[in-house]
Each structure stands twice: as C-alpha cells, then as structure tokens.
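K.L.:
The primary structure of each chain is shown beneath.
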Amino acid sequence: MFSGFPLFPDQASTMAGEVDALYFFLIAITLFFSVLIAGLIVYFAIRYRRRSEVELPEPITGSTKLEALWTVIPFLIVMIIFGWGAKIFFTLSRPPSDAMPIYVTGKQWMWKLQHLEGQREINELHIPVGRAVKLVMSSEDVIHSFYVPAFRVKADVLPGRYTHLWFKATQPGEYHLFCAEYCGTKHSGMIGKVVVMEPADFQAWLSGGPPAESMTARGQRLFQSLACHTCHKSDGTGRGPVLNGVFGKPVALQTGQTAIADDNYLRESILNPGAKVVAGYQPVMPVFQGLINEDALSQILAYLKSLAPQPAVQPGATAVQPAVPPATTQQRRNP
Amino acid sequence: MSIFVAPSIPVETQEHYLNNDYGIRSWLLTRDHKRIALLYLASITLFFFLGGFFAVLIRLELLTPQGDMVQAETYNKLFTMHGVIMIFFFLIPSIPATLGNFLVPLMVGAKDLAFPRINLLSWYIYVVGGLFTLGAVLVGGVDTGWTFYTPYSTTYSNGYVIATGVGAFITGFSSILTGLNFIVTIHKMRAPGLTWFRLPLFIWAQYAASIIMILGTPVIAITLVLLALERAFHIGIFDPAFGGDPVLFQHLFWFYSHPAVYIMVLPGMGVISELISCFARKYIFGYHFVAFSSLGIAVLGFLVWGHHLFVSGQSVYAGLIFSILSFLVAIPSAIKVFNWTATLYKGSISYQSPMLYAFGFVGLFTIGGLTGLFLASIGLDVHVHDTYFVVAHFHYIMVGGTLMAYLGGMHFWWPKMTGRMFPEGWAKFSALVVFVGFNLTFLPQFILGYLGMPRRYHAYPEEFQVLNVMSSAGASILGVGYVIPMIYFIWSLKYGALASPNPWGATGLEWRTPSPPPPENFKEIPVVNEGPYEYSIREIKVV
Chain A
1 MFSGFPLFPD QASTMAGEVD ALYFFLIAIT LFFSVLIAGL IVYFAIRYRR
51 RSEVELPEPI TGSTKLEALW TVIPFLIVMI IFGWGAKIFF TLSRPPSDAM
101 PIYVTGKQWM WKLQHLEGQR EINELHIPVG RAVKLVMSSE DVIHSFYVPA
151 FRVKADVLPG RYTHLWFKAT QPGEYHLFCA EYCGTKHSGM IGKVVVMEPA
201 DFQAWLSGGP PAESMTARGQ RLFQSLACHT CHKSDGTGRG PVLNGVFGKP
251 VALQTGQTAI ADDNYLRESI LNPGAKVVAG YQPVMPVFQG LINEDALSQI
301 LAYLKSLAPQ PAVQPGATAV QPAVPPATTQ QRRNP
Chain B
1001 MSIFVAPSIP VETQEHYLNN DYGIRSWLLT RDHKRIALLY LASITLFFFL
1051 GGFFAVLIRL ELLTPQGDMV QAETYNKLFT MHGVIMIFFF LIPSIPATLG
1101 NFLVPLMVGA KDLAFPRINL LSWYIYVVGG LFTLGAVLVG GVDTGWTFYT
1151 PYSTTYSNGY VIATGVGAFI TGFSSILTGL NFIVTIHKMR APGLTWFRLP
1201 LFIWAQYAAS IIMILGTPVI AITLVLLALE RAFHIGIFDP AFGGDPVLFQ
1251 HLFWFYSHPA VYIMVLPGMG VISELISCFA RKYIFGYHFV AFSSLGIAVL
1301 GFLVWGHHLF VSGQSVYAGL IFSILSFLVA IPSAIKVFNW TATLYKGSIS
1351 YQSPMLYAFG FVGLFTIGGL TGLFLASIGL DVHVHDTYFV VAHFHYIMVG
1401 GTLMAYLGGM HFWWPKMTGR MFPEGWAKFS ALVVFVGFNL TFLPQFILGY
1451 LGMPRRYHAY PEEFQVLNVM SSAGASILGV GYVIPMIYFI WSLKYGALAS
1501 PNPWGATGLE WRTPSPPPPE NFKEIPVVNE GPYEYSIREI KVV
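So the protein lines, in turn, are chains A and B.
For the first sequence, our numbering assigns the number 1 to the initial residue and increments by one for each residue that follows.
For the second sequence, our numbering assigns the number 1001 to the initial residue and increments by one for each residue that follows.
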C-alpha cells in the first residue's frame, strides 16, 4: 500500500467512490474537449495550410449561432458539474448525528488525537471500519490541514476555532495522513497514518494499553478544578447558566439574538465569555484565554456534551431555553 | 519568403528609436515607451532566469523522496522565492510591461503612451521593488510561500517577511501606473478612424487587464501593509492570539491574487488573437465575443476568490456561491478557445514559429482551463486542494498559457522591436521543446495531486518518486527550451538578418512603420478606415 508505483489512490471511505465518479466524469469532459480542440486545430492546420503566398481566404467574420452554441453547451455542462460537486460537498459537510467524535489538535509539527474513551495518539489515528467518525479540530499555532487522501477528505485546522471533518472508512488498512496547509519548516514531516481496523480489533485496541481516563472524566475534573461548577450549577441557582443539555441547542443572548451552542460557541464562551452573554446573566465570568490549552479545552467540551438535560429543573427557571421561536432565530451555522 | 532576404534599403542608416541617441543616460532617462519596454524586458528576463534557477533546485530536490539535497528550511525558501519572483516580478509585468508598453501606442497609432514620465517612473518603481526583494533573498530569504498565510507569516516565520512584502508592495505601484497609462492611452489617443471595434484584440485584452491592475492591486497593497503591521506591532487583525482572524487574510489576499491570474493570462490571450489571425490570414472569428469575453473575465474574475478557501472553514453556502461563480468564469475562456479554433477554418495557415507557440498556447491553456473545472467543483476540490493537482493546473495556465503567449509574442514582434530576424529553424525547434518539456513536467503532477501528494513538501512518501522523477526530467527539457530562444535572440541582435517593416504580412498599424520604428513611431499619424484583421479583403504584402 505504501510502495510501488500507484497511479490512483486507495478508495477507503464512503466518499471515495462518489468523489472518484465525479473525477472520472470530469476526465471524460476534459479528454473530449481537449481532443476536439486539438483535433480541429490539427485538421484545419493541414486542410487549410497555405498553398500560395497570394491566396485570399474567404471573409468569414463569425456566426452568432455558433457563439450561442458554444456558450450554452459549456454553460449547461458546468452547471451539471456544479450541482454534482455541490451534492458531494453537502454530504461532506453534514456529519451523521451518530458519528463518533475524536478531538484533533494540530501543532508544529505533529497531530495530537484524543478519543472520548481517553486514548491519546500522536500522528496515528485508529478507527473502526464502517463507523462514521467526526473530527473536532483546532490548532495550537498556525493553520494546518488534516488530509487523508484515501478518504478524499480534507479540512483546514485553524488556531482559535474549531473546524470539523467526518468520514466513514470502508476498508481496513493503513492510510496516509498529511498536513496539506503549509505550516513551516517541517511541514512535510507533519504526516502520520490512519489505521482502519475491524470493529472487534478496534475494541481490543481501545481497551489495550494502560488504562486511560476518559475525556469526559478529565473534563469533569477540569470543570471542578477551574471552579466552573461554582457558578454553572445544574439546578439553575448559580450565577452562570445551566450547562446540562445545552450543546447543540439555541441560546438566547443579551443582545436579543440567538446563538447555537455548538463547539465554537462553547469555545468562545469559555475563552472570552464577554463576547456572547446569555440573556438574564451578568458578564461576570473570568476570561480563560491563554489559561487553558487545546487539549484541556476539548476535554471540557467533551464533558459539557456528555451532560444530559436535567429533567428535575423547573421549566422556565433557566435562561437556557431550547424552545426559541424560529421566526426570530438568527442562526449562524458552522460547516 | 522575404524573411531571410536582406532588404535593399539599409535600415541602419534610417533614424529609429534605437539609434537616435546613445549612452546610458539616453536609456535611464528615456521617455520613449519603446525603450522603456526594452528596459522592462531586460529586467523581467533577469528575474525569469532567477526564478527559473530556484525551480531547478526545487526539481532537483524532489528527485528523491528523502529531502536530502537541501535542508527543509532552504527548500521552503526556494519555493517561496520561486513563487514571489515568478508572479510579482515576471508574470504580472511580463506581457503588459514589455509587449504592451511597446505595442499599445503603436497599435493605436499614437506617438507614445499618455504619460511617458509616469511610464518611466513605473519602471523605476519596479526596479526598487525588485531590489528590495532581492535584498531580502540575499540576507536570508523568506519561507512563508508566496501566499504569506497568517498567522505563520505574522508570528511564526523567521524569514524576512516584511522586506519581501515591501518589495511586492512597491512593485504593485508600477503595475497600477502601467494600467493607468494604458487605459488613458486607449481612451484618448487612438488614431483618426480607429473606433473601439477596429482595435486589435491585443488592445482589448490589455484594457481588461489594466482594469484589474488598477482595481485589484491596491487591495494587495493594503493587505501587505496590514500583514507588516501585524508582524511588527501585533495589531490583532490576522493573529487569533490577539483577537484577529487568520482567514480574513486569505480573503483579502485572494481578492487580488485571483484576479492577478487574469492580469497574467488576459494579455496572453490578446497576443494569441493577433498571432492566429495573422498566420491564418483570417479575420478573427467572433471579434465582439472575443473582445467582450476579456471584459467578462475581468469582471467575473473579481468574484471568485473564495474558491481558494473551500477547505478553510468558510461557510457551506459561501463555498457554493464561489463554486458556481468560478464555473461561470470558465465560459468566456471557453468562448475564446472556440473562436480561435474557428478562425483557422478556411484560413491560409502557415506554421511559422510564432504560430507554433500559439498552437501550443491553445493546447496547454485548454488543459489548464478544463482542469480548473475540477477545482471549481467544490466537492472534488476538497480532495485535490493544496495538492500537486493545483500546482499542475496553475502552471498550465500561467506557464503553459501566459509564458507560451509571451514567447509567441516575443517572436512575432522581435523583428519590430529590434529590426532583426531570428533563426526561424531554431525558433520552431524551441517551440517544440518547450511544448514537450512542459507537458512532461506538469502532466505527472496532476496524477501526483490526485494520489494526494500535498504541495510544498520537502520530503514525500516513496511511492510518489517515479512521477516526481518524470516531472524533474521534463523540467530539464523545458529549461533547455527556454535557454535556446535566449541565445538566438541575443545572437540575432548582431547577426540576425535585417527585418523589413512587415515580415509576417500582418495587419495592424505597428506593421505600417519601419522596423525598428522611428522615435515618434509614425512619420505621419495613420488614418484608419477598416477593421483590424482585413486579411480577406486585400493582400497584405510581406515587405
């Protein structure tokens, strides 16, 4: 797999076949028009070669019909390609809801990965075959890009915010992992491999090695040690909003706007809490920018996501109201 | 053909722009657009071979997967300097500043550009910017890539980012001044009877490119200033550590740098229209469509920058809009290719060296344009973004397209510029060598890109080696193809046969005046009473 003289990459994800189908269609289009143009040029160049220095060619200046033809036909073709590419892109940007989250941190020049169960890896990612995996990625320094050619997926990894990438592997094996965005001196050394395993092997791998504390548990410890729990109480009596079940829900803000409590909202609300204050609360939370590293931040996020909604809380007692009228909702969704 | 026959009139005895004055002062203080064109020609040729030298080192390094010839940091500086020099100091000025400077006044029947002093100023600005960048190279270089992406460039790079940025910033003003000069000249200084639709398509193309130069270049200037301020003072606009947005830089950078591709390729398209009509002896097919497609490209070209950010975390819907707009910009390019092909129909086609370059351009530009569809297609771009597929694509456009057109144009107008003919056999040979070498260099890179080899990799997995060796082998052939014309052009200055006023039998006002033209271009201002390519109406004699 890592040797020889390949001309075509492995197909190892559910997306690979779809992307390749469009690729082959485009190759066909390219070949057709290249051969058409080259063929016409060669044919005309021979058929109408200059036979005498005094010949006067026919005065042909153009044809509106032909112009319309070679405007409309290419237009229709590119619209087909656009639609096809857009369809693939929609699939690429909508992870399935049951996707298994894995947290990725890029830094010069390595990939750090954390599984929810607690396993941490560097420059290697073990995943099970046949299960959708969603990467939640951020960078500690410059822009990187997480790229697995065999899966036909790639997304930039940015400092200061989360980006996402999902895939479902279809073939067990080992595949290249590249950093695709130039990131400095050892950019070409920021590589690794994705190891796709049979589900049973993956379970064995997960439970092998030294026992690891889960991300949720680590996040809970951080939540306690950073004293978050003193204000964010689960019964709604704290100075901060209840965080149980908040992930993915709309949140009413002081400004009257609404935000979706996604990864980037939670990230911002931890690092720079004054940016979007929840309606009904004072902006009293301290700034954590520079105090929490990316790994710890993702552990806190994993913990917050794990908090189930508290049914014991009286409805209306908290500011976190899932039921915001859709008409006034101004949502900003991240891909 | 009369090309190899020395004309009966000894041209050297006539006064022309090369012999009306001598000495270094007469060049450095000239206001003659023709001399300024030659100043530019010498400068950009130096930069071309410097940028080419870096390319040679890059291809040598990539012969082996290990990254063992130069260190990683050196390699990163090599591709950065290759890009900076080739784009800012060769491709962008190439056709406008040399052929455009020489030809725009001649083609519109004017004595000079509208602002001759500004024209000279633009060359000095170019030289100062170039020296700044060369200085940055000599003291240690820069390793950010020509794209200067933040926050690497603002916070992490150890190279001379600001000095290089200042060099590009300064040079931008030479581009703005050239564009301004062209627009005013084309509007106000056309000869009597030379209406807009009697203008050669080269002029239309220069006009469209000038619009982009004037509207786009200030944006890159501002962006480079912000970059320098962020790097020096951490003003917090691009660096997230200070509350900035690194992706904002990409938006600003590509708002200029994508249209810049059209600054490079539109003038090339203009050259090709001239060459094909001349050597097919035909009126260009669909003149109006070719002319307006240049403007269409100039306008639409400003609306597609976001396709460089398909995987940068830009919103899904922004991505889709930039995708559809990128497809639309393909249409005017397709229209041009079809019209050039149709121009050949029932023509009287000769295979002289400029025409061979034009054929090469159409072939390579077609492949470059069609592979652009792969990248505009957002779902497919995700896979090939930042891989060698992109590298191959833009080299097909910018080298296969612009450089082929530039060389074709240089061959076509060389007799006019210097009064000398070059050896036609060698010229045909070099056109062939460039075409073969180019394809051998860059076709394998499409395959490498789809396999997943990222660009800007100093070392790479072993299975990519065979294709990389093919590419490096092709590059060596390509290099030979570029050196040959350099040699015979210089040779021709002394030993070439004297050129007649119109050695190709072309229409166009520039061919109605001696080669080389007199300082004031025309003994008397020409009057135009027909369209630009009337090859079918009367015989255009080779004189």
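If you're looking for bench data, these hints aren't it; they were derived computationally from the structure.
Any given hint might turn out to be false.
[Stated by the list, open to error] Straight-line C-alpha distance at most 20 Å; calculated SDA-like pairs for lysine to any residue:
1) A:Lys193 x A:Gln203
2) A:Lys186 x B:Gly1141
3) A:Lys186 x B:Pro1065
4) B:Lys1188 x B:Ala1114
5) B:Lys1346 x A:Tyr43
[Unchecked claim] Covered stretches of chain B (in silico footprint by chain A; criterion: 3 or more residues with CB under 8 Å from a CB of chain A, positions within the stretch not fixed):
6) 1099-1108
7) 1116-1125
8) 1332-1339
9) 1513-1526
No residue lacks a Cβ here, since even glycine has one placed at the ideal position from N, Cα and C.
K.L.:
It remains to establish, for every hint, whether it holds in the given structure.
P.N.:
A quick look at each hint next to the structure:
1. A:Lys193 x A:Gln203: 19 Å, holds
2. A:Lys186 x B:Gly1141: With a Cα-Cα distance of about 17 Å, the restraint between lysine 186 (chain A) and glycine 1141 (chain B) holds, given a limit of 20 Å.
3. A:Lys186 x B:Pro1065: Distance ~14 Å between lysine 186 (chain A) and proline 1065 (chain B) Cα, so the pair holds.
4. B:Lys1188 x B:Ala1114: Holds: lysine 1188 (chain B) and alanine 1114 (chain B) sit about 8 Å apart, inside 20 Å.
5. B:Lys1346 x A:Tyr43: Status holds; Cα separation ~11 Å.
6. 1099-1108: It is violated, with 0 qualifying residues against the three required.
7. 1116-1125: Since three or more residues must qualify, the claim that chain A covers the segment 1116-1125 of chain B is violated, with 0 doing so at under 8 Å.
8. 1332-1339: holds (count 5)
9. 1513-1526: violated (count 0)
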